[in-house]
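Protein chains in written order, with the UniProt record's numbering: chain U, 1 to 122; chain L, 1 to 545.
Check each hint, because a few of them may be wrong.
Computed far set for chain L versus chain U, every beta-carbon distance over 10 angstroms [what the hints assert, rightly or not]:
(1) Ala72
(2) Gly78
(3) Gly110
(4) Ala153
(5) Val166
(6) Glu234
(7) Thr464
Distance ranges between label pairs, derived from CB positions [what the hints assert, rightly or not]:
(8) U/Ala63 to L/Thr111: 38 to 44 angstroms
(9) L/Val229 to U/Glu119: 30 to 36 angstroms
(10) U/Gln29 to L/Pro74: 35 to 41 angstroms
(11) U/Asp107 to L/Thr227: 38 to 44 angstroms
(12) U/Lys97 to L/Gly65: 36 to 42 angstroms
(13) U/Val46 to L/Pro177: 35 to 41 angstroms
(14) L/Ala123 to U/Asp107: 54 to 60 angstroms
(15) L/Thr227 to U/Asp65: 31 to 37 angstroms
(16) L/Ala185 to U/Ala63: 41 to 47 angstroms
(17) U/Ala63 to L/Glu142: 35 to 41 angstroms
(18) U/Asp107 to L/Gln188: 51 to 57 angstroms
(19) L/Ala123 to U/Thr120: 55 to 61 angstroms
Quick caveat, the hints were computed from the structure, so don't treat them as lab data. Positions of the beta carbon are idealized from the N, C-alpha and C atoms, including for glycine.
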Amino acid sequence: MRLTKLALAALALGLSACQTNAGQSAADQPASVDLSVAETRAALSVALAKALNRGRIELGVTATDQTSTVTVLPPPLGPHETHSTAVPIRFDIIRRKGKCLALRADDGSVHTMSGVRCETVK
Amino acid sequence: MFCLKKIATLGLIFAATALTGCGGGGGGGGGTTGGGSVPQPAGWVSGVFSAASTFKNQCQTVRTGVDIEGNAYPDRAGTELAEKNWLRSWTRETYLWNTEVTDTNPANGGTRTEYFATLKTLALTASGAPKDQFHFSEPTTEYLARRNAVASASYGAEFAILSGSVPRDVRVLYTDPNSPAEEMAGGQKKLIRGTQILRVNGIDLVNGGSTEAEINILNNGLFPPATGVTTTMEVRDPGTTTTRTITLTAQNLSAKAVNRTRVLPDGAGGKIGYVLFNTFSPNASEAELAGAMTTMRNEGVRDMVLDLRYNGGGLLAVASQLSYMVAGDARTTNRNFESLRFNALAGSRNPVTGQANNPVPFYTTGLGFSLAQGTALPTLNLPRVFVLTTDATCSASEAVINGLRGIGVEVVQIGGRTCGKPYGFYPQDNCGETYYTIQFQGVNHAGFGDYADGFVPANAATSTGVKIAGCSANDDLTRELGDSTEGLLRAAIGYATTGACPTPPPVATSAIQSGAFSSRNAGGSLRLEAPEKGIMDTNRDMTMR
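Okay, chain U solo, but in the shape it has when bound (with noise of 0.2 angstroms):
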């Protein structure tokens, strides 16, 4: 019995570690991150790093500092990569049910991110 439960909890845990329900629905609503803000910039670095299984990542540039779009820099490439196909991610930010979510451009793959403050685009 506790080795079922061991079992539902780790399915539970690998369900919402990183990704929420799949794609966007259309309760979901753009919403815009201020990387201005040290605190929003270091929690979204964390989100995102997590959201792509990697120890770290660096943000790439935006437009303006609040921004509904962010991207993230691929590792940068090393002396023998010469015909990278490397390019950057993109995520959109939605709100969903009052939280806010990355959701990733390529995959369609919605990430929670937990302590960051979005706001809704109005």
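Following the hints, complete the assembly by docking chain L onto the known chain U.
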């Protein structure tokens, strides 16, 4: 009870799968997928392959903790045989020429890297060169350290070893703007293109260096190991007989992608643009190129010269952006910059990422490397472009030539044969070693990508390589880059005006012609090894005897 255990086991497996599948792989690349796998055999059976994932991260020596990028090591206890089995299956699944690899028993002895060395094609190109010249590995610690060394100690000067044997000949290829090399001394820049290095910290570089200690002094002087290192050099500028003594202090410098731009008269009342673009690798290359092309657009240039003679490649996406900025919307709409051709086993998927194998488009906006995602790129809308080349023009640089030719833009090549690397790979760590094996060939919109012997100008005296319009010419170290009298640029301007190559062709000094950036000269007893700069450097014997 059995049922509960089974559910529990499934749950744990599922959870583990979900946790590890949270996103794209960082670091040295993700896992592999591939068709045609069968359950692991009890032993080696020729032509029968288990899935590479069966053997992944089963290490003879297990790493613990996290790497310098903060990623936890995925290692589990295993054996060297498991590591070699992974190499064998991974090669089968992802190597471009997987059917040309002789399948040998990994249990037959040898180290993992010795075994990896056998997992490649032995075929030759039309010129007789090995078809696969890009098969190697390195310790993952070194790979990670180098790719995270954004800036390094440097004077901001790139040196070429034209003669490795006594009398040695080391010259300056170019200097980076606002670097120590461009500081003023005695009314001129400390180093200029073509400057010959004669002595380093009192050691005669040309004829001296008779002990290991002296070679170390030369090395540490030319390639400073740390910032703050101060070096005294006796130098001689091109076209002079007098010498100068300069002192340089190394700074922490990043590679500058766009070194300089020029707008020059084309001799027919118009303007010709010039961009010295030395690397596609740093994220900054995106914004620097967009800035350079904005300048060219605002100046209304009628022709464009891309100086890629020392550009070994890097980000394909930036190569696509550059091509788009040259060609413009009309020539690129609904066309692809480059498609990736994997082995037949991969089908329609990328066997490394497991994702659909979508072509690289002509990117029309910033992607977020250093220019905000969605920012419109400037365009020149040119029907032709001049590209200056040497054998250091490689990979993503060649993709620009090929990608533009694929959509009908006339590419005029001025200079020497390019390196011939239409291939790419995803470096992959396993158990502390990062492996490079060619996994795809890039082909343009017209489906062409067979330039393993490089691109060569039409009038070159050779029967190999892909001949395209242009003029064969030697690199010219006697003039600054961007100077309209410098050999390659002069030939490009002449061709733009007259449609013909200069007669006689541009000629450099005899030392430069014979050296041609190769440091393979034999003789002598000592070696001076230069730090690695890029794939063309590392594919050469960068030693000076």
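Here is what the structure says about each hint:
Listed as outside the interface, L/Ala72 is inconsistent with that label: its C-beta sits roughly 7 angstroms from the nearest C-beta of chain U, within the 10 angstroms cut-off. No beta-carbon of chain U is positioned within 10 angstroms of the beta-carbon of L/Gly78; the least distance is around 22 angstroms. The non-interface label for L/Gly110 is consistent with chain U: the shortest C-beta to C-beta separation is roughly 23 angstroms, beyond 10 angstroms. In this structure L/Ala153 is separated from chain U by more than 10 angstroms, as the shortest Cβ-Cβ distance comes to about 16 angstroms.
The non-interface label for L/Val166 is consistent with chain U: the shortest C-beta to C-beta separation is roughly 29 angstroms, beyond 10 angstroms. Here L/Glu234 stays apart from chain U, with its beta-carbon at least about 30 angstroms from theirs, past the 10 angstroms limit. The Cβ of L/Thr464 lies farther than 10 angstroms from every Cβ of chain U, with a closest approach of about 21 angstroms, so its non-interface assignment holds. Under the hint 38 to 44 angstroms, the C-beta atoms of U/Ala63 and L/Thr111, about 51 angstroms apart, miss the expected range.
For L/Val229 paired with U/Glu119, a C-beta distance near 50 angstroms fails the hint of 30 to 36 angstroms. Judged by the Cβ atoms, the range 35 to 41 angstroms given for U/Gln29 and L/Pro74 holds: they are separated by roughly 38 angstroms. Taking 38 to 44 angstroms as the suggested C-beta distance range, the pair U/Asp107 and L/Thr227 conforms, at roughly 42 angstroms. Our hint of 36 to 42 angstroms for U/Lys97 and L/Gly65 holds, since their Cβ atoms are close to 38 angstroms apart.
For U/Val46 paired with L/Pro177, a C-beta distance near 37 angstroms keeps the hint of 35 to 41 angstroms intact. Checked against the hint of 54 to 60 angstroms, the C-beta distance between L/Ala123 and U/Asp107 comes to roughly 37 angstroms, which is inconsistent with it. Distance hint for L/Thr227 and U/Asp65: a CB-CB separation of about 32 angstroms, consistent with the stated range 31 to 37 angstroms. Taking 41 to 47 angstroms as the suggested C-beta distance range, the pair L/Ala185 and U/Ala63 conforms, at roughly 42 angstroms.
A beta carbon spacing of about 37 angstroms between U/Ala63 and L/Glu142 agrees with the range 35 to 41 angstroms that was offered as a hint. Between U/Asp107 and L/Gln188 the Cβ separation comes to about 56 angstroms, which falls inside the hinted range of 51 to 57 angstroms. Judged by the Cβ atoms, the range 55 to 61 angstroms given for L/Ala123 and U/Thr120 holds: they are separated by roughly 60 angstroms.
Consistency note: the structure conflicts with the earlier hints numbered 1, 8, 9 and 14.
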